[in-house]
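Turn these sequences into a full structure, and let the hints steer you where they fit.
There are 2 protein chains.
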Amino acid sequence: MKETLTAAMSFTIVAQDATSPARAGLLQTPHGPLATPVFMPVGTRATVKSLSPQELKAHGTQIVLGNTYHLYLQPGHELIQRHGGLHRFMAWDKPILTDSGGFQVFSLVHGGIANEIKGRRPLQAQRLPSMVKVKEEGVVFRSYLDGSFHTFTPERSILIQHALGADLILCFDELPSFHDGYEYTAQSMERTHRWAKRCLDYHQQAPSSQALFGIVHGGVFPNLRKESAEYITSLPFEGVCIGGSLGGEKAQMYEVVDMTVPHLPSHLPRHLLGVGDVDDLLEGVKRGIDLFDCVSPTRLARHKTALIRDPARRWHLNVTNAALREDDGPLQEGCPCQTCQTFSRAYIHHLYRSKEILGIRLVSLHNVAFLLNLMEKVRNSLLENRFPALYQEWLGSR
Amino acid sequence: MKETLTAAMSFTIVAQDATSPARAGLLQTPHGPLATPVFMPVGTRATVKSLSPQELKAHGTQIVLGNTYHLYLQPGHELIQRHGGLHRFMAWDKPILTDSGGFQVFSLVHGGIANEIKGRRPLQAQRLPSMVKVKEEGVVFRSYLDGSFHTFTPERSILIQHALGADLILCFDELPSFHDGYEYTAQSMERTHRWAKRCLDYHQQAPSSQALFGIVHGGVFPNLRKESAEYITSLPFEGVCIGGSLGGEKAQMYEVVDMTVPHLPSHLPRHLLGVGDVDDLLEGVKRGIDLFDCVSPTRLARHKTALIRDPARRWHLNVTNAALREDDGPLQEGCPCQTCQTFSRAYIHHLYRSKEILGIRLVSLHNVAFLLNLMEKVRNSLLENRFPALYQEWLGSR
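Going down the list, the protein sequences come from chains D and R. The first sequence begins at 33 in my numbering and counts up one residue at a time. The second sequence begins at 33 in my numbering and counts up one residue at a time.
Hints are supplied without guarantee of correctness; some may be wrong.
DSSO-like cross-link-like pairs, simulated, lysine-lysine; straight-line CA separation at most 27 Å [claimed, not checked]:
#, chain 1, residue 1, chain 2, residue 2
1, R, 89, D, 89
2, D, 126, D, 409
3, R, 387, D, 126
4, R, 229, R, 167
5, D, 387, R, 126
6, D, 409, D, 336
Don't read these hints as lab results, they were simulated from the structure.
Now the structure itself:
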C-alpha cells in the first residue's frame, strides 16, 4: 500500500536557510502542489467562516483544514462521502487536511487545554456537557451538539477521514494536559504511539491516495519528545506533526519545537498543529516547520480584531476602537487584499458598530490574506537566501 | 436649478407593452444608466447585508437603496460626507437611491404599519422605546439605537440626503396607518403635500446633480390617490413614488397602483416603494411601475428562505427543511448565480444547520440574483414584445 501513498504525495526541499533549520519545499498532493512553508486557514465545518472558496483561492490559499470531529457530527462523514467527499461538498478543489478528531474530543473535556497550548481564553468548552472515557480501545465522548454518546477509535478516525477524502490526514491521538506531569505524559505518549500504529495499519488496508501523518507527542519533556520523534518517524508516515501539550506559554512552545525537530528526518514535511500567530509562524519556520494551521484569522475577525503590521500591538487592531471612526486608510497600508484595496477603516468600523455581517467577512478575508502574504514573503526570502533579514524585519532582534 | 437636475437625469421609455401600462425605460443618472424596470437591493446601513459590492455588481445589481434614518444615526451623514459621500464610503460606484427617513420614523412608532403594508410579521419595532410628535414643522422621534431624541423636517431630510449624495433622493413624508381611515389619511396627505413642496424648495436652493422624487399618498382611496398624483406631478420632480398606506393585502396594493398610475405622466419614472415579492414585481410592472426596492432577498436569507421558481410554495424554499439534507442539486435549477453554480442544497442546508455565516451569505446572493434575473427577463420581454407571455409563464392565468 505504501507505494500508492508515495505515488500520490511527494515532498521536495527546494531551499535551505544557512543559519537555521528553516526551509522551503514543494509538497505534491492529489489536488495539486503546496509551496511550503504554508499556512492553512481552518474550515471547521466545511467552511472557512464567512469566506467563499473563490475568494480564498483568489487570495492565495493553498490548502484548508477540516475538522473531523465537527464534520462527523454534522452533517456526518457518510453524507459527505455520498456527496463526493469534502472537496466537492465544500467546493474546494485544492488540497485539504483533516485532523483526527482527537484534539476536539479532548479539548472539549479538559476545556482549558487547547487554550493553554495556544494562549487563548477558554471558549464554549467549559459550558458543555462533556464526558469522556479514555480506554486503550479509544475514547467515548459526548456530542457538543446534543450530548449524545459517540466513540472514536484510531480505526474509526481513519475510516471517517477516508470518507471525507482529504489529501492529508492525521493519526488519532490522546491530548494530555500540560498539568498532567511527566508520568502521565509518558503513559499517554505510549498509548498515542500504539494508536498511531493502529491508524497506520488500518490506513494501509485500503488503497488510498491520502497521505497519513504521524503526530509526535511527549509534552515539554526533551527525552519524551526525542523518543516520540524517533518512534513516529520509524513508521512509514508521509509526514509528521508536532502535537500534544506544547507548554504553558510561547517560549515553551518554541522550546518544544527546538527539542523535537533535530530528531525528525529532513525529507518529511513537518506540521506544527494549531499554531498561527504572526510571531509563531516566523519562529516556527525558523525552527524548521513547513505547515501551520490556526483558526486565528477568522476567530480574531469575529472578536473585532484585524491583523496589522505592528509588533508593539501584538499585530492586533481593534476595529471598534473609536480612533478608527474617521480613519480613511485601509486596515493595513500596502495590503493587497480585496478588503484593503476597497474599504476604509472608517467603513469597517461602521460595519462592526452596526453589527453587520459584512464586517466580519471583510476582516476575516484581510486576516487570512495577511497571514498568507506573510508566508509568501517568508518562502520567497528562503528561495532568495534572505530569511534572516525578513525575520529581523518583522520581529526585530529577539 | 431645475436645469442642473435635468442635465444629470433623464428618463427615456424604450418599449411599451401593447396590452398593459408595462414599459421598459432607460434612466440616466450621474453614476450611469438604469435599465428599467429595475429591482434595487436594500443596503440599509451602507451594506446589502452580507454581500460585497463586487458580487452585487457581478450579479447585475444596477442600483442599491440606502436608508437615511439608519445612516443619519450611525455613522452619521456628516461623517459619510467627509468620507466622500455614500458611494465612496460603501465602495459602490453605481447609482444609489436614498429614502427620506420618513418611513422608518413612522414605522418604528406604529410598528405594525410597515408590516401591514408588506404583509410581514412585526420585527423589532414593537420592542423599541419609540415616541413621536408629528407637527407641521416635522417629526420628533427617538433613536432605535440609544433612545436619544431627534427631529426630522422636510428640509433636514433633504440636507441629510444631500450629504449622503445618492443619485435619486426622496421627499420626506408622513406615513399614516391603514387603520387611520379616510379623514386622517386625507389630512396626512395634505401635510405630505406641503412637506413635498418644502423638500423641493430646499432642494432647489442648492445646485445638485441629485434627482428628487415626489411621493404620491392617499391610502386606499381613489379620489385621494388621484388628487395626490395630480398635485405631486404638478411640481417639478424628476420622478414619482407610490407610497403611504398601500392597503391591508396584496390585492388592495394592486388596486392602489391601478388607481394611481393613470394619473401619472408617462415621462416620469415610477417607483413602488418597499415592494419586491416575485408576484408583486410582475404585477407592478404590468401596472406601469419602473422601480422597485425591498429588503426581502436578504431578509428571507436570514430567515432560512431561498427564492425558487415555484409559485405553489409562494416562491419560498426553507433551506433547513430535512428534504434538502441529501439534495445534490442547486437551490434553483438553471440559476446562473455563483451560489447555484458552485454549491448544492445539501451543503447550504449543512451551513444553516451549523449556523455558519456563509449560509446566509450564499442564500442572500442567490435571492438578490433571483430577483435581478427575473427583472432582466421582464425587461427583455418588454423589448421583444412578449411581456404577457412571460407574465403568464410565471404567474399563470390570474
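Each hint, compared with the structure:
1. About 20 Å separates the Cα atoms of residue 89(R) and residue 89(D), which keeps this hinted pair within 27 Å; it holds.
2. Distance check on the hinted pair: residue 126(D) and residue 409(D) sit about 21 Å apart at the alpha-carbon level, within 27 Å; holds.
3. With a C-alpha separation of about 25 Å, the suggested pairing of residue 387(R) with residue 126(D) holds against the 27 Å cut-off.
4. A C-alpha spacing of about 16 Å is found between residue 229(R) and residue 167(R), which places the hinted pair at or below 27 Å, so the restraint holds.
5. Taken as a hint, the residue 387(D) and residue 126(R) pair is honoured in the structure, with Cα atoms around 25 Å apart against an allowance of 27 Å.
6. Between residue 409(D) and residue 336(D), the direct Cα distance comes to roughly 26 Å. Compliance with the 27 Å bound is thereby established for this hinted pair.
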